[in-house]
Structures are given as structure tokens and as C-alpha cells.
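Undergrad: Listed here are the chains, written in short residue letters.
There are 2 protein chains.
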Amino acid sequence: MYSRILINPFHKGCVIFSKCLTRKPPANSSWVRTLSQGTQSSNSHDFHEKDGHGNARRLTITGLGAITLAGLYYYYKKNIPTVWAHEKKESEVNTVAREPGSFVDGLPVYTSDDVAKHRDESTGIWISYKSGVYDITPFIKIHPGGDTILLGAGGSVEPFWSLYAIHQQPGILALMEEYRIGNLTKGEEHLAMANMDDPYANDPRRHPALVVRTKKPFNAETPGFLLVESFITPTDIFYVRHHFPVPDVDPSSESYSLEVVGLDEKDSLNLNLDQLKTAYAPHTVTAVLQCTGNRRSEMNRVKPTKGLEWGQGAIGNAVWKGARLRDVLLAVGVTDSDENENWHVRFDGLDTDPTSAPYAISIPLTKAMDPRGDVILAYEMNGEQLTRDHGFPLRVIIPGTTGARWVKWLTRIEVSKNECESHWQQFDYKSFNPSTEWDKVDFSTAPAIQEMPVTSVVCDPHDGEKVKLKDGKLNLRGYAWSGGGRGIVRVDVSVDLGKTWHVAQLIDSVKVSKQWAWTRWQANLPVQTKETEVWVRAVDSSYNTQPEGMEHLWNMRGVLAVGYHKIKVSVDEN
Amino acid sequence: MYSRILINPFHKGCVIFSKCLTRKPPANSSWVRTLSQGTQSSNSHDFHEKDGHGNARRLTITGLGAITLAGLYYYYKKNIPTVWAHEKKESEVNTVAREPGSFVDGLPVYTSDDVAKHRDESTGIWISYKSGVYDITPFIKIHPGGDTILLGAGGSVEPFWSLYAIHQQPGILALMEEYRIGNLTKGEEHLAMANMDDPYANDPRRHPALVVRTKKPFNAETPGFLLVESFITPTDIFYVRHHFPVPDVDPSSESYSLEVVGLDEKDSLNLNLDQLKTAYAPHTVTAVLQCTGNRRSEMNRVKPTKGLEWGQGAIGNAVWKGARLRDVLLAVGVTDSDENENWHVRFDGLDTDPTSAPYAISIPLTKAMDPRGDVILAYEMNGEQLTRDHGFPLRVIIPGTTGARWVKWLTRIEVSKNECESHWQQFDYKSFNPSTEWDKVDFSTAPAIQEMPVTSVVCDPHDGEKVKLKDGKLNLRGYAWSGGGRGIVRVDVSVDLGKTWHVAQLIDSVKVSKQWAWTRWQANLPVQTKETEVWVRAVDSSYNTQPEGMEHLWNMRGVLAVGYHKIKVSVDEN
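Taken in order, these protein sequences are the chains called A and B. Start counting the first sequence at 58; every next residue gets the next number (our numbering). Start counting the second sequence at 58; every next residue gets the next number (our numbering).
Just chain A, same shape as in the assembly (with noise of 0.2 Å):
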């Protein structure tokens, strides 16, 4: 096993994380694919819904395997004999007979704050599964690296199980029930939660896995190198962005309802969640989610910026299903002409600021009418309900554009001539050169960004990363995408400062159109030196591809930080 050291300035310490070795794939081997296939297909297929609502709704994952779990079961396979024999033989099993995560009578009774306050050696590790509490300290203490706290400790497993479906195993459940102390307050079983000290107080919980950025409004992303660990990114996991407070909407109750309104106001529909799912035939997509400031901490160190520290998880992968917008317009009277080229679509959220304003922005009606442009008002994010942190009960799904366009809790839509005058379509969420400053900006004189450009990352390694080499080559792997449902068509990555460039294997399937979902990489390059900066960059379908430095891409706002993306990482020799 090796151990990596995630650090986040934002947290008061580091979170030590190990990973087992048993988790990177041989060089070359068909274990991505595998992992590849095997994810896409759970994602596909392996999806259902419970009954229910609220805001802790999540993946029904068909793997076993959680990174915590394979920890323990390859450590005991490896050191424990007597352990490993449980499973050999099921039925020798006797002390984790039960149905794991279940609730069992006699067992104390903890909620997920109590869960989320034993995250390190001093108060004890816990984690939860299904309605199980369970305190793993026992096995942190006699693991070999000593120093490790799992990523998952503090909170539930369960996000992690799609991440490390190779893991599956028979007898990980049955280990784990042997570290079994109690059970989940009824009602929290989906999901233990950090005690995040919310500000807002109804917000909703949220993973503790998240980094968070700012807490006020509540603005988190993935750790890195969990993003490339699936297709399909968890959506407990998922980034968040939020202007202001989470609204608790009840769409059963008649407070809440969808307004359309089309050119002409006498074409207006209020729809109720349920009418929408009735009335509008579903529609699936697959389509990334991008901050417009994601990256924006590498444009940072040019010269500072305006906005969130943004790492490179300001970005995720989901399947979101919902009605399309073009048979809800179509239903407001609006046409496939030309008169209506230049028109636009407005979309108002429930989240208000101060004034009472509330989110809006809008985008080009050709987007939103394209029979291929898949925009879909969207009800489900990865197999069940969407969550409150994502826009529960409908956000607006708007594949191959930028976030900030993607509307969450929303009330109303409003096809317009005009484009929306609000702050964030107006004064934000636009980009200009690097010589424009905010004491002489025209924001008129930039169009609000849509479409994104093509980007990629290296997300494992990390930046700064110490790391084992295999038979003398670097395994990197990584996100690359681009907007406008360009694919990517190849991933480049130097390790000698782009005299010699390697082209990287495509880990998910790509069209050259219409791909909104993104495309994992990997590389295993041979490295000479004890340090290595590597770069890496990312062509789309179109033949766009990134420039070299985020220096001249620098705008005050720090978005669109779509540079090469370097790292460096040392050879740890031990």
C-alpha cells in the first residue's frame, strides 16, 4: 500500500488518505476498461428510485467495494489468516450473520452529528452504512501505514462504492459488521454528515468529503482524484455552487409550480412537479456540470482574481433525466422560425438575494429549442430524485454550457427577445483580456459566457504528489472535456515541458458530437528524474485545443481557466 496526503488550506488540517495498492491499476491493463464498462453499465442500468423525497436521496451502487472496505478486507486477506477464511467458507461467518447495515435491536443509537465527530485517532474513526455505525479504529491502529484516516471517516461509505467497484468481493460486508458499535437515529440512515457548523440553518447536510470553498454560501468540489474514479460522478460527492441559501421546496404543496411563458403572455402554462413528469415524455442525458471558475486557484497564481478558490473539482459527471424544454416551449407557442433566431430564454430560480432578486440568467433560444441541444428540466440526477444542493424539485439541464446557466429549484421560464438583464447574465460570468481591469471594465462589451472551451486535467497524481513509480513509468489518469457536445479526440501529456508529447488512452467512449459527457485519460510514461512537471492538454472535435499557460487566458474574474494543466510530483524512492 502507499498513502497519499491530500491537503486543503481551507481545512484546518490535512486528510490522510490511503489508498491500497490493490486499487491502482497495472500498467496497461485492461483494469480501466474494465472499471470503465462496469461503471457506465451501473450507471445505465443499475439505477432505481426509492420512494420518498428529500434531500439525502443517492446512488443505489452495485459495488461492494468502498475504499474503506477494501482497506480492511485486503489487509485482513493479507495478515489474517483466520480473517481470510471468512471467505472461503460463508457459512463459517457466525458473527456477521446478519444483514449488513441493518438495524440491529439492543445496539446504541447515534446520529450522523455524533458520527461526524470521531473523524481522527483522538475521538475514534466511525463511518456509517445503510442504518450501521461502525468505529474502524481498531483497524487503523494495527494498519502498516499507521498514519492513515480514511477519506470516508466522519461520514457514510456508501458515495464511495461506485468509485471502487473492482473492489467487489464477497465477505467485506460480513468483515465489516465485526467493527459494528451501533445504529443510525432513524431517518439518517442515507447519509452521516460532517458537523460543518452551517451557517445557513436549513441548508441541507452535506458529505464530508467535500472541500469545501466557502460555507456561506455553501460552495464545495471533489477532491481530484476522485473524479477520475468513475464515469459517473456520486452525486453526495458532486461540487456545489450556491449564491445564496438552499430553498426547502415542497413540490406536493400548491406553493410551488413551474411558470412557462412564451412570447406572447396568453400562452402561459403553470405546471405542477407531477404535470411536468406526466405530460412531457422523460429524457435522459449524460452531461458534465462545469463551474465557469473551475481551476480558477492555477489562473490565481498568475495575479489574484475575483471569485472562489476553485481547485479542479469544480466539475462533475452525471445522467440526468427530466422533460425537454423544447416540448415544454413548443407547448407555449414558440416555433422553429427564423424570426425567432436571436431570441432568448429566461430561467428564474427559487434562491434570492437580499432584494429578494432572484437567480436568473438566460440563453439563446436556438440552444434551448435544438432537437439536438438535449436541454432537459431535470428531476433526476443519477437515478433518483435530484437532492436539495442540486435543485431540488427541477433544475434546468443544459448540456455542453457552463453551470452557471443551469438553473436550480426552478419557478419560471420566460422566452424573451431580450436577454436577461439580471446581475449574473449582465456583470458576471463573463471574460476579458488580461489587460482589462475592474476600474475601467465595459461588461457590455463581453457576450455572457455559454458554450465552454475544451479543458483537462491530471487529476491523479495530485500537484506536489509524492509517488511510487511502476516498473519506471508514472501512471496519470485524469478528466478532459470541451462544450458544445464536442468530444475529445485526443489527450496529449508531456513529462520533459512539451519537447515530447504522449498521447493518452481514452478510458470512456467518445462521439465527436453531441458528447456532453466527459473523458477520462491515462498515461504511464517512463520518468528519468526524481522531479516531473507534467503537462497536459486536451483537443475536442472541432481541433480547439488549450493554450499553453493561463498567462494570457488571466481575466479579473478568473474564469474559464482552461490552460494547459501542469503539476509537478516527486519520485518517492522508499
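Every clue listed holds true.
As the list makes no split between identical chains, a pair holds if one copy fits it or if it spans any two.
In silico DMTMM-like links for lysine to aspartate or glutamate, alpha-carbon gap of 20 Å or less: (1) Lys-571 with Asp-395; (2) Lys-623 with Glu-605; (3) Lys-568 with Glu-396; (4) Lys-530 with Asp-520; (5) Lys-568 with Asp-427; (6) Lys-587 with Asp-553; (7) Lys-625 with Glu-605; (8) Lys-360 with Asp-553; (9) Lys-556 with Glu-605; (10) Lys-556 with Glu-494; (11) Lys-568 with Glu-398; (12) Lys-571 with Glu-476; (13) Lys-568 with Asp-395; (14) Lys-571 with Glu-396; (15) Lys-571 with Asp-427; (16) Lys-623 with Glu-608.
Because the hints were derived from the structure by calculation, they are not lab data.
With the hints as your guide, set chain B onto chain A.
TA: Just chain B now, with coordinates in the frame of chain A:
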């Protein structure tokens, strides 16, 4: 006035070209807008078709001022009051009372070859206009610059007239008639050609202003500084890119037809040109045609590539008119279904290689069927019948897509589940990374280039030019364009190696989508040093931008050379 020296390494000598001071716009004046609007207007409305057909059809241009004539006119206006009087009283223009350019009985008759032999002072400088041949050597001799030879020398002045419409003034044609020496051979009225020692006996004649890259097959580009003069590039100086000799087609004979084959052969259509024109509504598109290898010469400075040594002029913007391909495909049973999402459309030209295989390529069917894709089967270019060099009688226009797909002399269209298997689809017009060499390339790993990336160029001044400043400022002009219909949202110019970026003024209006035309730009920048390096880069509506240099874009085929355009100019302080 100031003069420039245009050096073309492919010409034996150099062409010295004079620009009138009056041609230069005052800094930040409304001049450029006026020119732009005027030119667009004339392109939109003032084309009218002539009867007959053939290979020498061209723009009928509303403007009167050619560089030649403007030069004449302004010189006389300034220096020779007696001539200036012509303008004031038309009745006094006795010597030129005839219709300018008409056949004059009694004057000698010259062939266009004769005219082409008169391009410098040793032979005399001749030009033609309609049926007229003119020896303008006397004007050159009294010209203050002394060393100027007009670009139109040896050929027709007509293609330049749309470029210099701003010089429209009464009396110019009358003045020109004073230099009348003869008539052109009948049938050659439309164009006087250079004597190009044409290797392909039946190839059409071309305008001598084209910068020839190869003669067999004929490949030639437009001088860069002419490109920026007008929104629409005149047909006769539009770049030409051939793979083989030019077919000579008589569309009225039974030998020519367009065969259209759906997925089911029984749905085939055979159309002659008249049937195509009458059965399908005509559609007009203004779109850039650009060679995949435009700007290759800049990439060759990094390391040699294989391909034509294009400068920045293998691009042009034209008005195309024809039948929508979508309409024709609907007629052979192609539908808007998801089933054909990954199908292709193949186009065959009448030009063939030595094995008689036609030039053939394919594009994705989704582009062909996109109601907003504007793919047309064009029979007109710039308001007149296609010329032979541009595919007479029929060429497919695929806006936003590389020129290699715009098959000329189109004779067959076929819908297929498979991409075209031709050399040009499978083994050419593909791009690889800089480390991929001919001896180890696997062409199947790269998709055929379709949509093109964003690019921009400084057209005026050109690299190496000695320039005059105006009020200490350098006037820069050029074009910017992106594929896929993505409009140009910003052009940045730097004269200090990227430390400071200036936003250029966009001359032509821009849409964010379906922007198939280019956008010309201009900037007036203060320069302090005698030697200045100018950088330009553009940003398109997907906020993709150009990479900084050609080094990392380098590919063995020398395609997609879209790095910053960088030129060096020196200030002429005399």
C-alpha cells in the same frame, strides 16, 4: 502616398504595390464602418447574374474605384487642375465621351496574353477593363513614388473594385479612357490573365494577383492584405486549392448529372442542374472557405511539414447560393431519426486521380441534416454562376467545416453508415501531436478534420513590412474566424510580446451562432520602438482561443496552424 514591397518567394521577382494614402482610414474614424456596410450592402443586393455560362464569370461590382484608378484620379486631382476639371463638368470630357470599356473600332486588338506580358516599366504597364486595354505607363512615370507597379498590372482591374469601393468618384472611368490603347480579343472581356505557362492544358486561366503555390495541380492564395479590404472576397482572387486538373463540365449536356443515393438504393435521384435549381428552393449563405493547411508556412518555421507552403491567404469569404442538402436528402428518404445519428454523407467530385478514383470525402450526416447547418449544393458564388476553379457547375458548401470537404464539380452524393474510405478521408486532413512522425503514424487513431478551430491573422501590414505611423500609432487590420458557426467575440492584439493586450475593433457584425462568415478587425496602437513584434489572437463564442505558438501545434501534415499570428514590422521614419 506610401508604398509597400510584396515579396513572394515563389515569384521570380517582386511585385511592388502602391497604396494611395486616401485608401488608409483615419485612426478610429467611421471610415471602416462605412466601408464595411457599403461592401456588405453591395454584396447582398447588387449582384446580378449575367447570361451565358463559362469559366470567367465574376462579380459585377457597384463600386467604381480601383486602386489603379483611384491612384490615377487622386494624383490628377492634386496635381493637374486641367484634368481635375473633368469632374466638375462632365460635358468637358470630350476625349472620353465613349462608354468606358466598350469596344473601340480602329484600335488594335490584344489577347489577354499580350496584356499579361506588360507588367513592368520595361514592357510598359497595361491593364484591362471590360473590352478595353490601357497602357498606364505614363501615369506611373509621373508618379511621385516612382517605383510603383500596380498590383493589377498585366490583368483586369475589375476584381479590385469591390475592395476599394470607398474611392467611388465620378470621372475615373473617363480619365482611364485617356490611356486607352486597344481592345481585348472578343471572349476575353471578363478577365485578362497572366501568362502562367499553364501545365494542365485545359485548366482555366487565373488572375495574376493570385500567389501561386503549385501549378500542377493549381494551388494559389490571395495576398493577405487584399483579404481584409472587403467583407466578401472577389471570386477571381479567391484562393484555389486543387488536387488534379480542373474538369470542364457542360451541365446542359446529358453527360452531367448529380446522383443522390439514400441508404436504400431504390431512393436514388438523378438530377441535372436545371432540375436541382427548380425543384429545391434556393438558399443563400455567406461563409468562409478555408484550407486545412492555411498558415502552414508559419508551422514550417518550427520544423518542415508535408504540404503546400500556404501563407495566410488560403481563406476567403463568399456568398454561396444553392439548394439545401437537407431538402435533397429528405427527398431520398433520409429522416431526422436518432437511428442515423452516426451515419455519413459522401461526396464525389468529377476530378480524378491517375487511377480514375474521384476526389471523395464524407461528413457526418447530422451536419448535412441540421436545419441550422446551412449545407447547400451551390451553383452560385458571389452572385454569379460558379467558376470552373470553384467547382462549376456544382459544389457542396459546408459552412464552418474545413475546405477539404467542400467537394467541387460535385456529381454524386451517397448516404452511408460508413465514413468515406478514400485517401483524403482516411489518410489526409488529419492531425496528430508533434511527436507523431510519418514512420510510425496510425491514421486510424485520428478523426478526419471537420469543424475548424478559431484563428486570426494580421493582414495589413505584412510580416517584415516597413510601416509609416500615423500620430505615433500603428494601424493593424486582419481577419478572425472560427469553425462550427461560432462567432468571434474578441480579438486581442499585443505589441509588447503579450504583456499588454488591446481589444481590437470588430469591423463586421457578429452572431454567436451560425456565424459562418469571418470578422475583420482593426486596431490603432501606439508603438515606441523602431522594431515591433505584433501578436494577434481571437476568442470565439465558445471562448476557445488560439494557442500561443506553433511549436506544440506542429503536426507532420502541417494542418490547423492556428497559433497566435506573429509578425515583425519596422517603422519607416522617412
